[in-house]
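Chains A and B, in that order, give the protein sequences. If you're matching positions, the first sequence starts at 1 in the numbering used here and goes up one per residue. If you're matching positions, the second sequence starts at 1 in the numbering used here and goes up one per residue.
Don't take each hint at face value.
Claimed, not checked - Pair ranges (Cβ atoms, derived):
| hint | chain 1 | residue 1 | chain 2 | residue 2 | range |
| --- | --- | --- | --- | --- | --- |
| 1 | B | His56 | A | Pro170 | 35 to 45 Å |
| 2 | B | Ser60 | A | Glu243 | 34 to 44 Å |
| 3 | B | Ser47 | A | Asp168 | 37 to 47 Å |
| 4 | B | Gly181 | A | Gly65 | 27 to 37 Å |
| 5 | B | Asp208 | A | Gly231 | 23 to 33 Å |
| 6 | A | Gln74 | B | Ile110 | 47 to 57 Å |
| 7 | B | Arg202 | A | Arg118 | 28 to 38 Å |
| 8 | A | Gln74 | B | Pro247 | 52 to 62 Å |
| 9 | A | His194 | B | Ile110 | 53 to 63 Å |
| 10 | A | Arg118 | B | Arg220 | 15 to 25 Å |
| 11 | A | Met1 | B | Glu172 | 40 to 50 Å |
| 12 | A | Val215 | B | Arg178 | 22 to 32 Å |
| 13 | A | Arg118 | B | Ser14 | 22 to 32 Å |
Simulated from the structure, these hints should not be mistaken for lab results. Where is the CB? At the ideal position from N, CA and C, for every residue including glycine.
Chain residues, written in single-letter form:
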Amino acid sequence: MSLIEIDHLSHRFANGHLALDRVTLRVEEGCFAVIVGPNGSGKTTLLRHLNGLLFPSSGEVRVAGISVPDNPDQARQVVGMVFQNADGQIVGETVIDDVAFGPENLGLSRMEINRMVRQALEEVDLVELADQSPYALSGGEKRRLAIAGVMVMKPRVVVFDEPFSNLDYPGIRQVLAQIVRLHRNGHTILVTTHDLEKVIAHADRLIMMAGGQVVRDGVPHEVVGDSELFGIRKPCAFRMGLEVESWLT
Amino acid sequence: MADLTVFSFQPGSSRVHLLDARVKLVCTALVTLAGVAADPGALVALSGGLVIMMRHARLSVKRLARELRLILFFLAIVLVSRALTTPGHPLVAVGDAMITREGIVDGVLICWRLTLVIVLGSLLTATTRPSAIRAAVHWFLHPLPLISGRRAATMMGLLLRFIPVIFEQAAETRDAQRCRGVNLRKNPVYRLKVFAVPMIRRTFEHADNLALAMAARGYRDDRTEPDLTVTRADWAAFVGVLCLCLPAFVSI
């Protein structure tokens with residue numbers, strides 16, 4: 001059984017726009033998949049079905065065998081989501097309050113919550129800023145805070161929606177290092193982007209979307225050659241026939 | 001990076017910071033009521049006490065004064081309307097209306113009281129974690145029937161969280177409109193309209209995104225609340241504030 005099972009998923013918004021059109025996908029545990037596509041291709045809509053923020057118009061979505069529409073609360077403990085806009089994800093007035101939000105929702109004891117929060121802050125190297133207001137953080141720090149807020153829930157899958165948008169080079173490296181570390185620790189990673197350059201070196205699967213459909217799916221170096229057919233710029237190394245280098249080196 | 005406002009929580013280890021949120025809420029209510037009832041002498045005592053607490057909590061009085069300039073317009077309206085509508089000894093004639101000495105005194109007192117309440121609110125929010133305020137509100141509301149204490153407390157927590165966001169969005173919207181020459185338009189109604197519409201739209205969009213983020217992180221009403229503990233220091237602070245407010249209550 002795959003960790004994520006999506007069968008014939010379609011989603012039509014209230015205004016009639018068909019955002020996803022019969023998408024079928026399997027994602028195995030431990031996979032690092034990049035979902036790439038131009039704006040409006042359905043990437044974010046697809047991710048939002050994985051933890052029950054959207055429900056299918058038709059089709060099925062299961063994570064770890066759990067039907068997401070039937071059990072969204074359980075699905076949210078399996079799949080954590082880091083949003084494109086980190087500011088919009090921040091709920092707490094201080095860094096520590098924000099990370100504690102998820103465990104508080106699980107009804108855990110205060111001692112247990114404090115332990116989990118401390119561990120999550122250590123993982124993203126934000127312990128020193130625990131009492132800061134999230135609004136005083138830099139873009140990269142805010143994105144790491146969003147990751148801590150998800151990691152504290154111990155999800156098996158972490159999905160990142162455009163994690164590098166609006167970040168400077170050091171911020172991109174910080175966030176990428178976190179994503180790679182999570183993958184090394186055994187998490188299944190899904191990253192959406194319209195800029196392959198930054199993350200392709202670490203992915204073991206590339207899924208291309210266009211018009212709400214999966215149009216290519218495979219090992220990155222085998223399918224990346226078609227990216228420009230679907231409005232995605234081919235990474236520089238592939239253009240020049242060079243070996244792909246990580247942004248972390 | 002967003003500018004922080006004086007209404008945001010500012011971490012610290014002062015005695016004001018360490019007081020129990022429930023005690024701080026009760027003290028805030030007491031001082032507010034006392035401020036409403038106070039004569040000028042009692043107002044001086046309350047204001048002095050407030051300034052001492054702010055300095056002890058290492059909050060910048062200067063910065064607070066700078067940010068409060070946003071409400072000066074509102075206070076000016078209050079002052080002028082009281083000065084023009086309160087009967088008494090006439091000082092200056094403005095058309096058919098008359099500015100009176102009693103009106104000015106009355107207006108100044110009301111503005112002073114309003115400022116006191118606003119500064120008091122900022123002292124509370126700047127020295128108390130929003131999660132503790134939320135837990136305290138829930139503690140006070142949970143015995144009441146027909147009111148969901150947890151929901152009311154969550155709404156209050158989110159309101160506090162939104163204040164700096166709204167300030168930041170207002171500043172961004174204002175700057176963007178200045179760049180496009182809104183200052184050249186003299187009609188205040190037009191300027192208010194073009195400012196308010198995008199501001200409200202962005203605030204609602206932000207609220208939608210926040211609701212999604214909360215759902216994604218498994219929000220539910222019966223969450224674990226912060227631990228609240230009343231110590232001797234809390235009781236001492238309560239008695240101190242009560243003594244400070246007594247002259248105002250006695251003067252009623």
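Results of checking the hints against the structure:
{"no.": "1", "hint": "B:His56 with A:Pro170: 35 to 45 Å", "verdict": "39 Å, holds"}
{"no.": "2", "hint": "B:Ser60 with A:Glu243: 34 to 44 Å", "verdict": "55 Å, violated"}
{"no.": "3", "hint": "B:Ser47 with A:Asp168: 37 to 47 Å", "verdict": "45 Å, holds"}
{"no.": "4", "hint": "B:Gly181 with A:Gly65: 27 to 37 Å", "verdict": "59 Å, violated"}
{"no.": "5", "hint": "B:Asp208 with A:Gly231: 23 to 33 Å", "verdict": "28 Å, holds"}
{"no.": "6", "hint": "A:Gln74 with B:Ile110: 47 to 57 Å", "verdict": "55 Å, holds"}
{"no.": "7", "hint": "B:Arg202 with A:Arg118: 28 to 38 Å", "verdict": "35 Å, holds"}
{"no.": "8", "hint": "A:Gln74 with B:Pro247: 52 to 62 Å", "verdict": "59 Å, holds"}
{"no.": "9", "hint": "A:His194 with B:Ile110: 53 to 63 Å", "verdict": "56 Å, holds"}
{"no.": "10", "hint": "A:Arg118 with B:Arg220: 15 to 25 Å", "verdict": "23 Å, holds"}
{"no.": "11", "hint": "A:Met1 with B:Glu172: 40 to 50 Å", "verdict": "48 Å, holds"}
{"no.": "12", "hint": "A:Val215 with B:Arg178: 22 to 32 Å", "verdict": "45 Å, violated"}
{"no.": "13", "hint": "A:Arg118 with B:Ser14: 22 to 32 Å", "verdict": "24 Å, holds"}
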